[in-house]
Every structure is written in structure tokens, then in C-alpha cells.
Amino acid sequence: MDKAQLDAKFSELYRAHLRDVYSYAYYRVGNHHDAEDLTEQTFLQAYRHFERALAESNGRPLRPWLIRIAHNLAANLYRDRSRKPQTHIDDTTTLSATHTTEDLVEGRDELARILEGVKQLPDDRREALIMRFALGMDNREIARAMGRTDGATKVLIHRAIKQLEGIVAVEA
Amino acid sequence: MSEAIPNPEFESLLLRALQPVDPPERLSERLEQTLTELTDLAAEELDSWELSSMRDPRNWVRPVVAAGVGATAGTALVILRVRAKNKRHRSNSTDILELAERTLKDVADEARHLLDR
Numbered sequence: 154m155d156k157a158q159l160d161a162k163f164s165e166l167y168r169a170h171l172r173d174v175y176s177y178a179y180y181r182v183g184n185h186h187d188a189e190d191l192t193e194q195t196f197l198q199a200y201r202h203f204e205r206a207l208a209e210s211n212g213r214p215l216r217p218w219l220i221r222i223a224h225n226l227a228a229n230l231y232r233d234r235s236r237k238p239q240t241h242i243d244d245t246t247t248l249s250a251t252h253t254t255e256d257l258v259e260g261r262d263e264l265a266r267i268l269e270g271v272k273q274l275p276d277d278r279r280e281a282l283i284m285r286f287a288l289g290m291d292n293r294e295i296a297r298a299m300g301r302t303d304g305a306t307k308v309l310i311h312r313a314i315k316q317l318e319g320i321v322a323v324e325a
Numbered sequence: 010m011s012e013a014i015p016n017p018e019f020e021s022l023l024l025r026a027l028q029p030v031d032p033p034e035r036l037s038e039r040l041e042q043t044l045t046e047l048t049d050l051a052a053e054e055l056d057s058w059e060l061s062s063m064r065d066p067r068n069w070v071r072p073v074v075a076a077g078v079g080a081t082a083g084t085a086l087v088i089l090r091v092r093a094k095n096k097r098h099r100s101n102s103t104d105i106l107e108l109a110e111r112t113l114k115d116v117a118d119e120a121r122h123l124l125d126r
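Residue numbers (my numbering), protein chains in the order written: chain A, 154 to 325; chain B, 10 to 126.
The shape of chain B in the complex, shown without the other chains (with noise of 0.2 Å):
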């Protein structure tokens, strides 16, 4: 470590100075959280569909969004704020068709919002 260092006083203090920086607890928390997620999360999203689901459409955000865009981490972060959304959106909404229709606008917007990062 000391090949390119030309003053040892100077490279304790530099040690010193840029000492590591500990993650903050809700980053650690939010990015286990994701990655443990996504993991998993879009095959299981198609292996436990069942077909008689597909009637409502409340729950066709779930497959179309797993089988879109596959398994990669912008597929789990897609299905984890849309699902939030959806819930937010339910509690809301007193038309099946108008829920179905900002379902499917929340998933275009995820969509986008990833590739634009």
C-alpha cells in the first residue's frame, strides 16, 4: 500500500480523513427488502397465477408486468410500486373498470420512469 506514497504522516492523515461511511439503516433496510424481492418475486408472480383471476381486472397488472418485461430488477421494482399503488388505488376506487385503467397507466409510468434512470 505505501509503492505510490512518498509521505507516511500524510497518508495516516489521509487515512483518517476519509474513513468509510456506514450506509444508513433504511438503505440497508429499503435495498435487502428489493433485492430479496426480485429474487423470486416475477416467477412466482406466473407460477401461482391461476386462470379463473384473469376475470378480474384487478389483478391483471400482476401477470402482464411479470411476463413483460421478465425477470430483472426493473421487473421487481415495477411490481413492488405498482402493487403499492394498486392498494392505494383500491381503497379509492368504486369502479372496477376506472381501477383497471390506473393499474395499467401506473405500470406504463413505472415502466418509464426505469428506463428513463
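Same shape as in the complex, but just chain A (with noise of 0.2 Å):
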């Protein structure tokens, strides 16, 4: 493959899947001013390793590997920062920006209850959560990105729904 055809499904893999690092990145690092550094990054650093990546995927997609780049360097933020995120997910921007009227109308405050749970998960039950629910990946994506196999992913994902909903139903 030359370097125009590289480029060019490169060019696609940015195109289908911004969304996707922006909102694992937004969710997990809690602001827009993170999450943009990270979605930035991840995409350089995609395009660094992309020839190989694509030649080691088989065809698979690389969704799973975009947001493993996106895990890796959200660890390596909280690492040099030697804490959590700066700033915890703002509920009200998150809401009004991402959700309808009719959403924000008829639950807005269990819309709220559910996402200050989610930022009360350890972190690779708060992954998997918005992988699964803000990504729409499955088990088998999950697991690839997470680098678990799917019967661990299955469990993980299960055990962050019942804790996720024991943390909602104390704080309702």
C-alpha cells in the first residue's frame, strides 16, 4: 500500500471514529479542555503507528485500538498529574450539550444521579460503561481495547451495571 492509500484510509478512520475518541476522551478525563488534548494526541500517535496497525489488524476494525491509544495516554495523564481528573464531568454542560429537550425534561436529575455514579466506578468499570453505552461497542471491541478476554469484559461490564445501580439507588 503507498502512502496515498495510507493516507487516505487513515483519512477515513479519523473521519468514522472522532466522535468516538472525543467522547471516551470527554468522559473519562471529565472536561473539554482535556479531552481535546487527548483526542489530538491519540490521533497523532494513530497516525504514527496506522501502516502497522493496519497490517497486524487482519481486517478487524480499529476502533478497539484507537481507544486503547486513548486509555494508554489518559493513564499517562493522571500519571504525571499524580491525581484524577482536575475537574469532574459537569453535569449541566454534558446534559444541555449532549441530551434533548424531551431527555432533559422528563429525567434530568436521574440523568445526573446515573452519571455521577458512573464517576464514582473504578476506573476500568467506568471505561467499560462508556465504551459499551456512549461508544456502542460490544463485548468483543470492549475487550480488544481493554486487552481482556470477552468472558472477563462480560463480567466487568455486568458487575458495573449492579454497582453502578446500587450507587444510584442510595443516592435516589
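Worth double-checking, as some hints may not be accurate.
Claimed, not checked - Here are some chain A residues pointing at chain B (derived, C-beta under 7 Å):
id : residue
1  : Leu171
2  : Tyr175
3  : Ser176
4  : Leu207
5  : Ala287
Honestly, the hints are just simulated from the structure, not real lab data.
Just so it is clear, CB atoms sit at the ideal spot from N, CA and C, and this is done for glycine as well.
Taking the hints as your guide, dock the two standalone chains into a single complex.
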């Protein structure tokens, strides 16, 4: 594959998954500023290693690989800062920016409680839920992104949901 | 999708709470510009270069950067950022050697900045 073909393929990947990477980054780091940086760095890293990733993917989707890059960069971000996100997910902004009027009228409090609960989950459980619900990834994709088996991922998601249900019930 | 989810009602709430977030327009524009430029910038820098240009120190930064760090995303970022700074320096510089010195310092600073990220 020549450089032009490679660039065209990368361009497709970028267009198809910019929103996925940004959504993951936003829910992972909790603010738009860091989410933008994380998204930018993710695609720049992806570009550098794209040829190899494409060759090793054997035709499988590259979204898990992209999300894994974002995951590693986010982990580095926290390690560098030696702490959790500087600001928590801004529920007001997120709700108004991503939800319909109907959603807001019917269940703003409930959705806010869920977002608050998601923040309280351990990192791996929170990430699994972000991938499942914000990005619509299936178990196999999530397993590849997290470097786990399909079975372990299924258990992880199950436990994440049960824990979140418990948190939300207490807060209600 | 429902294999690991015991409560469909709660799943529906989760779907509504964790809706995808659209990236800001400025991010898309910035990223697309960077990605577009980095696909061919370093090669262009070297291919289109004429030796006669090397007589002018104001032009030294371009081949130095393009040849020095290879055609990677980092390269493109260094070039883009140094170009922008170079443009600003040109308008402020009266001495050509001072401009060259500042430009080379910018290259080193930008490369270091990228390595630190």
C-alpha cells in the first residue's frame, strides 16, 4: 500500500471515529479542555503507527486500537499529574450539550444521578460502561480495547452495571 | 448487547445518560488541518527545496526540521509551530543573524516540547 492509499485509509478512520474518541476522552477525563488534547494526541499517535496497526489488524475494526491509545494516553495524563481529573464531569454542560429537551424535562435528575454514579466507579468499570453505552461497542471490541478476554469483559460490564445501580439507588 | 445487562430499564437510562459527545468545531478544524499538512509536509519541504535558498539564514529552519526528525506527526507539528513563530519573528527582527538564532532556538524548544508530551 503506498503513502497516498495509507493516508486515505487513515482519513476514513479519522472521520468514522472522531466522535468516538472525543466521547471516550470527555467521559474519561471529565472536561472539554483535556478531552480535546487527548483526542488530538490520540490521532497523532495513531497516525504514526497506522501502517503497522493496519497490517496487524487482519481486517478487524481499528476502533478498539484507537480507544486503547486514548486509554493509555489518559493513564499517562493521570500519572503525570499524580491525581484524578482536575475537574469532574460537568453534568450541566454534558446534559445540555448531549441530551434532547424531552430527556431534560423527563429525567434530568435521574440522568445526573447516573453520571454522578459513573464517576464513582473504579476506572476499569467506568471505562467499560463508557465504551458500551457512549460508543456502542460490543463485548469483543471492548475486550480488545481493554486487553481482556471476552468473558472477563462480560463479567466486568455486568459488575459495573450492578454497582452503578446500587450507587444510584442510594443517591435516590 | 444485552448479554451482560440484567436490567433493560437501567440500560435504557444509561444509554440516555452517556450519550456521545460531539467534538467542538475548533477541534475538528485544528485536527484536520494538522493531519492534512502532516501527510505531505516533510516530503514537500525537502523535494521543493533549492540550494540557492540556503544562502539566506531565514530559510535554514525548514530543511533542518524536515530532514532532522523525519516524516512523523511530530515533525509536522514542529514545522507548523516553528513556521508560525518564524513569521512573527520576521516582522520583529532587524538583524538576520538574530532571526536565525531565534529560529533555531524555536526548533529545539518545539522538539523538546513534543518529546516531553
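Hint check:
1. Leu171: Holds - the Cβ of A/Leu171 comes within 7 Å of chain B, reaching about 6 Å at its closest.
2. Tyr175: Result: holds, 4 Å to nearest chain B Cβ.
3. Ser176: 4 Å, holds
4. Leu207: 15 Å, violated
5. Ala287: 4 Å, holds
When held up to the earlier numbered hints, the structure conflicts with hint 4 and nothing else.
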